[in-house]
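Here the structure of chain V is known, so what remains is to put chains F and G with the ligands in place on it, guided by the hints.
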Amino acid sequence: MATDTIAAHDDHHHGPEKGLLRWVKTTNHKDIGSLYLWFSFMMLLVGGAFAMVIRAELFMPGIQVVDPHFFNSMTTMHGLIMVFGAIMPAFVGLGNWLIPMMVGAPDMALPRMNNWSFWILPFAGAILLSTFFMEGGAPAFGWTFYAPLSTTFAPDSTDFFIFAVHLLGFSSIMGAINIIATVLNMRAPDMKLMDMPLFVWTWLITSFLLIGAMPVLAGAVTMMLTDRNFGTSFFDAAGGGDPVMFQHIFWFFGHPEVYIMILPAFGVISHIIPTFARKPLFGYSSMVYATAAIAFLSYIVWAHHMFLTGMPVAGQLYFMYATMLIAVPTGVKVFNWVATMWKGSMTFETPMLWALSFVFLFTIGGFSGLMLGIVPADIQYHDTYFVVAHFHYVLVTGALWSIIAAVFYWFPKWTGKMYNESLAKIHFWWSIISVNILFFPQHFLGLAGMPRRIPDYNLQFADFNMISSIGAFMFGASFILFTYIIIDGIRNGKPAKARPWESAKGLEWTLGSPAEYHSFDKAPSRKAIEQESQHTSVA
Amino acid sequence: MKMMKTLIGAIFAIASTFALSEYTLNMTEGVTSVSQNIYGLHMTIFWIVTAIGIVVFGAMAYSIYHHRQSKGAKAAHFHESTTVELLWTAIPIVILIVMAIPATKVLIDLENTDNAEMTLKITGHQWKWQYDYIENDTFGVPKEGITMMSNLAQSSRDAIKASTQPEHYLLDVDNRVVLPVDTRIRFLMTSNDVIHNWWVPAFGVKQDGNPGYINDAWAKIEQEGTYRGQCAELCGKDHGYMPIVVDVVSKEKYKAWVSEQKAAAAAAAASASKTWSKDELMAKGEQVYNANCAGCHQKDGKGMPPVFPAMVGSSIANGPAADHVNLVLHGKGAMPAFKMLGDADLAAVITYERQGFGNTGTVVQPSDVKSGR
Amino acid sequence: MSSKDSYYVPHGTYWPIIGSIGIATMFVGMANMFHGVSWGGSVTALGLGIVLFMMFGWLGQVVNESVNGLYNSQVDRSFRWGMSWFIFSEVMFFAAFFGALFYAREFAIPWLSGEGNNQFTPDLWNGFVQTWPEIAFKTPAAELRNGTALSVPTELIDTWGLPALNTAILLLSGVTLTFAHHALRAGERNKIIGWLVATIALGVAFLGFQIAEYGHAYDIGLKLNSGIYGSTFFMLTGFHGFHVTVGALMLIVILYRVQKGHFSKENHFGFEGVAWYWHFVDVVWLGLFVFVYWI
Ligand code: HEA
Ligand code: HEA
Ligand code: CUA
Ligand SMILES: [Cu+2]
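Chains as they are written, first to last, in this note's numbering: chain V, 1 to 539; chain F, 1 to 373; chain G, 1 to 295.
Pulled out of the complex, with its shape left as it was, chain V reads as follows:
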């Protein structure tokens, strides 16, 4: 057959197509990575705007801005949009951009499916947001949508929410499959598994979490759908079901989900710290094992979100012990990062600032997580702002922090330009101060007894709420600066070197800045791989 004429490599060196349709049709991992990142940034603004509504209502006691039902919708949609719209797609975007370059592959393994996993998201987002305009209002049962509040007692729009979750699930599963296939099959032939950079490792392991957990979520919403519309009794005691069963199924997904949002973050941080400490990553292999251990443990601790549902004591004890164990591999990671800094030669460019504050603030969030894991103590913490503080420390100053760090770190590689370093530093300090004003007082609120998901509160909580809200508005405003820095960098930034950070390691830095539209048609050599590996000592 005369296929040579349409053989792939002939048009490999073509640049991108012109016009808007390029983005619709594209199968290029860099394009799709950008799509994901921009989409998630937009969702971050939407979810953040909802958070601003929450904080505005909680600015002082009494109902001023929104009515209670709408407030609950805000909380629900804020959680959903942040988790499924902002953080997860952002990591998939980073994975798309970076993984092929890091493993020396020409593209993702299944490029057309890659396009599909992205192009489902806008539809899912649109369906989700359209519920605001439906009769009865948007879902208002929290991002955890516990039955029966989300079944018998929920508005009609819930069925649209269910289908939106299905779509999000399809997208995540396809994304995860693609990453597994890419890492395992597209890696440069000379790259052994233990040569892979940590971002690749963490994403590989995250993919297994996604494939294991997302279908279970699909199962949960399917049961909701039939309970709501077809008379089944999964979550209804009168038919022999159990509302608590919903929680088991949900958290079997939900707990791995929170590690889905933090493992790639660990990967990012494990790239940035060695670069700016000018020292190889300490304990590469134990980092890999720790990641795997966290992933494994994350499947067997789910009921720590359900200590007060009336579980038998044996269950509580088991889930408490298992939960506490997660501190061990996570600790290994933290210690390794500190050991990487130790006796390094550190400089503090913007990505490093974000990474260092990640280590600090994520650990604080981890500590409060550990406290939550102690069942008797969780009796007082559960469903209070202490929990809210915990998960914002791990999610905002953890997951989101690492994403911002990654954006600054790889910005030159993506755009070929440098961002404005002094503005970026101002942005960093602004963010870190405001985010702590925003979330630290929430610990006190929780301990003093303020439940979460309430639109109004007693006067004793007034001061801290006001402080928190002020922090929130300041932090919100920081995103205006962030947007400016990014756009200014893309437009007016100075040209960046191929390796803008002198001691950065990784195959991606062997490419040009910006990276060529098609990279690594020829797999990198063993020598290049060794030179760029994270665990060989730097020259």
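If you're looking for bench data, these hints aren't it; they were derived computationally from the structure. Take every hint as true, because none was put in to throw you off.
With a straight-line Cα cutoff of 25 Å, these simulated BS3-like cross-link-like pairs (lysine-lysine) come out:
#, chain 1, residue 1, chain 2, residue 2
1, F, K370, F, K262
2, F, K71, V, K425
3, G, K260, G, K191
4, F, K339, F, K302
5, F, K74, V, K497
6, F, K255, F, K220
7, V, K343, F, K71
8, V, K497, V, K527
9, F, K302, F, K332
10, F, K74, V, K343
11, F, K302, F, K284
12, F, K220, F, K251
Same frame as chain V, now just chains F and G with the ligands:
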């Protein structure tokens, strides 16, 4: 670095203003052995993680300060050490075991609800609490028990949209639970609709009420006084308006209260069998309406369409009385069932809906409700 | 053939966006259908149509590229990884429903009858006593379910009737499919076709019996709203039946492709992928037979 110092300064400045204010920064110690144990556990873990934090952040700060390029630090090349790796795997495990032991003890104690001297059954409703005192000889609770509903107090409801809030804003109820001091009390939690969670921090009691299942918890309250709490599980629109107020009194006072309740119950039963005048019904109905129905249908009866229909001009309120009674007794969709209210209360509130708000329905008597059950 | 040394990266495709539009249309249609909106059904059908169009178009293109030798063995491996992890995700989807079944049996029902730490729970249900699987016979408060009664079955489904027969049928179809695979590797075209036809026929027979059994279940009053047993029974068997249907359709496509001569002795991932899927559906059925019908 300057930035860092200003930051720390700012944090201290903020922190010191907190210290001056009366607001609690920490968990309550509470008034039961369970809550005190929990507090002890909380502080133990808190100090442990603080210590770990000092070590970890200290090491980080030290190397940030000393091992930076601007100070001329040259990077070392080490990047592995099995010994340290093992060490910092093993030490946390030991620390965790140290934490797990007391946690296990406290947990096993607080989950054992045997040997209770009395039982209080708590049923969550959207959005109020129902308390049933189960038959009990020690305090003379009658066989059929004592039942009461507890709603957010009117004073708080009135203040929600006002510019000033009263002292116990959102933490006041119309009917308080009364419990005896120094008595081992078993709480049974359940729900009538969605999941609620009965939480009184001072007792260290927080337990989900799941519809269709009954959970339990216990407390032996060591101090008389008034204790407040809130629903701690998202249960819909008015989840934020489901407070709990418990009056803990001496055993004697509690006994006296029980006999009062018995007498009141007898009176209510008597009043349910008599025929009420329209004015009596309207007056009582207004109270019942504001306590039970206004949350959804609003005080002015305009509802919050499309979810919560208006009473003004409602076809049910202006239609046959039997349908109205049936709907309120048994509920429909998101409209809860109100069977737990007494015949007189229901007759009053239904009459209030049928005659108030410019409606022209018929008057309903307790006997009509009774036959509708 | 050609691109042995370079990975095939397609350039530009409209299929995904068409697929997204199709699925979104279908879901919006379905949600409206459930709410009794008149146009719900037709919009669902339209969405489904778009999805099918996309499937044929997209897969057709892949087949074309494969036949034209654009794929090297690495691409083949990518497909294999993709298919196997897709199947794994399906396994987890079923696991959710099996989990619900176990939970209801091992926890919910005993708790409702007062076991474990639920000694007080039966108070709500007038002394409900656990039984399985006739749970729906004695469901505590059939009338309490938000005013709508549960459907109470009058008898049980006989494990050793249709379900056992169906088990045999599916197992047999796994065997015939394996024979087809052997024939494919031996390059015996007629045998492949024969065994494939047999497999498809067994699949269709299975579906026929399953439908008959559903009819019987409805006759004896076992319905979706027969409490948790009815819920798990229909959801598990229903999703399984759906997968058998999809599998059978895929086999038909494979049969067509065999006739077209798409597969070679060495290179026939399309066939293998579908075979994996079929075996997976088989294994799920075994779980169903044991846990839903038998014990
Ligand atoms: C990125 C997300 C993320 C991460 C990483 C974590 C990490 C952890 N979480 Fe968190 N969690 C959430 C997101 C996350 N969580 C969310 C979103 C919720 C709320 C959901 C909802 O209800 O809406 C939640 C809620 C939640 C609860 C339920 C609280 C309740 O509702 O009552 C619990 C209880 O156990 C818990 C525990 C933990 C633990 C033990 C960890 C551990 O992984 C932390 C481990 C880390 C450390 C401990 C720090 C570093 C370690 C060292 C320095 C070593 C030495 C330390 C010791 C030996 C102590 N989390
Ligand atoms: C996953 C990530 C994630 C992220 C990044 C955030 C970010 C933020 N979150 Fe939260 N949050 C959750 C996940 C997340 N959250 C989850 C899962 C819940 C639980 C939901 C539930 O209970 O069901 C929750 C709940 C939650 C609550 C509790 C609500 C309640 O219980 O009723 C609060 C309250 O303060 C809050 C606040 C914030 C704030 C102020 C931010 C800020 O960091 C946001 C900053 C971003 C922006 C502000 C957007 C950018 C700026 C603009 C759009 C420009 C305009 C700016 C202004 C108007 C000033 N979040
Ligand atoms: Cu009841 Cu929240
Ligand atoms: Cu968790």
